[in-house]
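Protein sequences appear in the order of chains C, X, D and Y.
Just so we're aligned, residue 1 is where the first sequence starts under the working numbering, counting upward by one.
Just so we're aligned, residue 1 is where the second sequence starts under the working numbering, counting upward by one.
Just so we're aligned, residue 1 is where the third sequence starts under the working numbering, counting upward by one.
Just so we're aligned, residue 1 is where the fourth sequence starts under the working numbering, counting upward by one.
Watch out, some of these pointers could steer you wrong.
Note that identical chains are pooled: a pair holds if it fits in a single copy or bridges any two copies.
[Claimed, not checked] Heads up, simulated BS3-like pairs for lysine-lysine below, C-alpha to C-alpha not over 27 Å straight-line:
#  : residue 1 : residue 2
1  : K65       : K47
2  : K71       : K8
3  : K47       : K68
4  : K71       : K129
5  : K71       : K131
6  : K47       : K71
7  : K68       : K121
8  : K47       : K10
9  : K71       : K83
10 : K129      : K48
11 : K121      : K60
12 : K8        : K121
13 : K83       : K3
14 : K48       : K60
15 : K83       : K47
Note that these hints are calculated values from the structure, not bench results.
4 protein chains.
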Amino acid sequence: MGKEFTFKVKVYYEDTDAGGIVYYANYLKFLERARSEAIYLLGFSNKKLLDEFGSLIIVKSCNIKYFKPAKLEEVLNVISNIKIITQTSFIMNQIIKRNDETITEAEVHLVVVNSEGRPIKIPNIFESKLKEYL
Amino acid sequence: MGKEFTFKVKVYYEDTDAGGIVYYANYLKFLERARSEAIYLLGFSNKKLLDEFGSLIIVKSCNIKYFKPAKLEEVLNVISNIKIITQTSFIMNQIIKRNDETITEAEVHLVVVNSEGRPIKIPNIFESKLKEYL
Amino acid sequence: MGKEFTFKVKVYYEDTDAGGIVYYANYLKFLERARSEAIYLLGFSNKKLLDEFGSLIIVKSCNIKYFKPAKLEEVLNVISNIKIITQTSFIMNQIIKRNDETITEAEVHLVVVNSEGRPIKIPNIFESKLKEYL
Amino acid sequence: MGKEFTFKVKVYYEDTDAGGIVYYANYLKFLERARSEAIYLLGFSNKKLLDEFGSLIIVKSCNIKYFKPAKLEEVLNVISNIKIITQTSFIMNQIIKRNDETITEAEVHLVVVNSEGRPIKIPNIFESKLKEYL
Numbered sequence: 001m002g003k004e005f006t007f008k009v010k011v012y013y014e015d016t017d018a019g020g021i022v023y024y025a026n027y028l029k030f031l032e033r034a035r036s037e038a039i040y041l042l043g044f045s046n047k048k049l050l051d052e053f054g055s056l057i058i059v060k061s062c063n064i065k066y067f068k069p070a071k072l073e074e075v076l077n078v079i080s081n082i083k084i085i086t087q088t089s090f091i092m093n094q095i096i097k098r099n100d101e102t103i104t105e106a107e108v109h110l111v112v113v114n115s116e117g118r119p120i121k122i123p124n125i126f127e128s129k130l131k132e133y134l
Numbered sequence: 001m002g003k004e005f006t007f008k009v010k011v012y013y014e015d016t017d018a019g020g021i022v023y024y025a026n027y028l029k030f031l032e033r034a035r036s037e038a039i040y041l042l043g044f045s046n047k048k049l050l051d052e053f054g055s056l057i058i059v060k061s062c063n064i065k066y067f068k069p070a071k072l073e074e075v076l077n078v079i080s081n082i083k084i085i086t087q088t089s090f091i092m093n094q095i096i097k098r099n100d101e102t103i104t105e106a107e108v109h110l111v112v113v114n115s116e117g118r119p120i121k122i123p124n125i126f127e128s129k130l131k132e133y134l
Numbered sequence: 001m002g003k004e005f006t007f008k009v010k011v012y013y014e015d016t017d018a019g020g021i022v023y024y025a026n027y028l029k030f031l032e033r034a035r036s037e038a039i040y041l042l043g044f045s046n047k048k049l050l051d052e053f054g055s056l057i058i059v060k061s062c063n064i065k066y067f068k069p070a071k072l073e074e075v076l077n078v079i080s081n082i083k084i085i086t087q088t089s090f091i092m093n094q095i096i097k098r099n100d101e102t103i104t105e106a107e108v109h110l111v112v113v114n115s116e117g118r119p120i121k122i123p124n125i126f127e128s129k130l131k132e133y134l
Numbered sequence: 001m002g003k004e005f006t007f008k009v010k011v012y013y014e015d016t017d018a019g020g021i022v023y024y025a026n027y028l029k030f031l032e033r034a035r036s037e038a039i040y041l042l043g044f045s046n047k048k049l050l051d052e053f054g055s056l057i058i059v060k061s062c063n064i065k066y067f068k069p070a071k072l073e074e075v076l077n078v079i080s081n082i083k084i085i086t087q088t089s090f091i092m093n094q095i096i097k098r099n100d101e102t103i104t105e106a107e108v109h110l111v112v113v114n115s116e117g118r119p120i121k122i123p124n125i126f127e128s129k130l131k132e133y134l
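Sequences and hints are given; from them, build the entire structure.
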């Protein structure tokens, strides 16, 4: 049982669409904010990974299921877990909840790449931090 | 072999991020524009479905794979196919290409719902149009 | 000298563009989040205004000046002041700062309208709250 | 009387918000798409300006007025005029119309900068093209 990261998001007008609910692509923004803050809690950041290791984390795939719609000015929690770590990549499970209700659930495959976009071995110090949360 | 819909998209600054490439959530906007135009070619529109049938098309799930990054001012083609039609839903396969190169590929599960968000039988006239493209 | 509202924003990938900086339209999202939270601090919300008074706050004009670019993972402060209150509208001055440096400054004219989009007298209880911050 | 550029935009779900209308920041995306295509018609592009002259066009200020709301699946025209050209900058007037009705009008001040963000003399060949449209 790994540790998990919880990140709070509030829904503003920018996130919604004419259907009165959060636009389906915008949940991916919430997921990415939560991942950025999870990485920050591990002592890293996208900026630090780039500056110190010349590496970027890119999304290889995202499988998202929409269960319930979220609405204007609701407060949501994004709960992120690291599921699998490989040489060059890791998989996160991310659930967006409104209180106890699951709004969406996503499995996101992330790959560490160099500035040319080639997958590279996850920097050791970052990998060992990730493993603590496995 | 079903018919397919092709929709052209140009990448503007709004679509890109500080990585110099299209932001991963923004491809879902391209996919949705292409679906809207596909529905328009069938003689329908989101507005018409709402006004005449009180129904909306919502995304139930989206499984997207990112193969290559797209960049500023590139012109992309979104190629959409209808794969499966059920009583209340249909599945589309959508591929985004830059010339012959596949940028992303997504399987999108769409459900027809009423104004309360409940799945409903796809309106007959819309269903028969969808089936022509199966 | 009126009171002011301060709201913290962090820059994520979604906010940036291929120029490596925050995309010019996205600052308007930061401004709107800050206004929403200011209204919330007054004991209101867009939802509450709609539910209880059938009224919406819309933007009539926005005059924004860009002084410095903001970058990925920077933390910004949006400082909002109410400048003028009329029968149906109010003007806010909003400054986005990175530490002591001004990133952008905007003057935003907001109008209270009914569900048909017609300007209406600002609800008394909301007006008196706004006036406390003038 | 200068020449003008007309660019067609269709409103998709991504552009709208829970108020049922185009979100106020998203009009700035429409304006920027129209400017990109105007520059393209002059034989340039943001990419070309960067590759050949090491220069970028940035927005210094944007004064936008919102007259009427635009709605889902409406087709709009962005009409852009070059008003003033200085050594390092130019001002465009941009009007968004739905048929004959003005939706928004903006005055946008654009500056040509180098890779460090410093204003530079507009490249001669680009300047002479701009002047043809004055």
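Going through the hints against the structure:
Taking the shortest alpha-carbon separations for K65 and K47, only the inter-copy value of 25 Å comes in at or below 27 Å, while the best intra-copy value is 30 Å. In the homo-oligomer, the alpha carbons of K71 and K8 lie at most 27 Å apart both inside one protomer (15 Å) and across protomers (22 Å), since each shortest distance falls under that limit. With identical chains, the CA atoms of K47 and K68 are at most 27 Å apart between copies only, with a shortest distance of 19 Å across copies and 34 Å within one. When the C-alpha separation of K71 and K129 is checked against a cutoff of 27 Å, the pair qualifies only between copies, where the shortest distance is 26 Å, while the shortest distance within a copy is 35 Å.
Taking the shortest Cα distances, K71 and K131 never come within 27 Å of each other, neither inside one copy (35 Å) nor across copies (30 Å). Proximity of K47 and K71 under a CA criterion of 27 Å is satisfied inter-copy only: 10 Å between copies versus 32 Å inside one chain copy. For a Cα distance limit of 27 Å, the shortest separation of K68 from K121 across copies, 19 Å, qualifies, whereas the shortest one inside one copy, 38 Å, does not. Proximity of K47 to K10 under the C-alpha cut-off of 27 Å is found in both arrangements, the shortest distances being 25 Å within a copy and 13 Å between copies.
Neither within a single protomer nor between protomers do K71 and K83 lie at most 27 Å apart by alpha-carbon distance, with minima of 29 Å and 31 Å respectively. In this assembly of identical chains, K129 and K48 lie within 27 Å of each other by CA distance solely inside one copy; the values are 14 Å within and 42 Å between copies. For the homomeric pair K121 and K60, the shortest alpha-carbon distance inside one copy (15 Å) is at most 27 Å, but the shortest distance between copies (35 Å) is not. With identical chains, the CA atoms of K8 and K121 are never at most 27 Å apart, being 31 Å at best within one copy and 35 Å at best between copies.
Taking identical chains as interchangeable, the C-alpha atoms of K83 and K3 lie at most 27 Å apart only when both belong to the same chain, with a minimum of 10 Å there against 39 Å between chains. For the identical chains of this complex, K48 and K60 are intra-copy neighbours only, at 21 Å inside a copy versus 30 Å across copies, given an alpha-carbon limit of 27 Å. Taking identical chains as interchangeable, the C-alpha atoms of K83 and K47 lie at most 27 Å apart only when both belong to the same chain, with a minimum of 24 Å there against 38 Å between chains.
The earlier numbered hints that this structure contradicts are 5, 9, 12.
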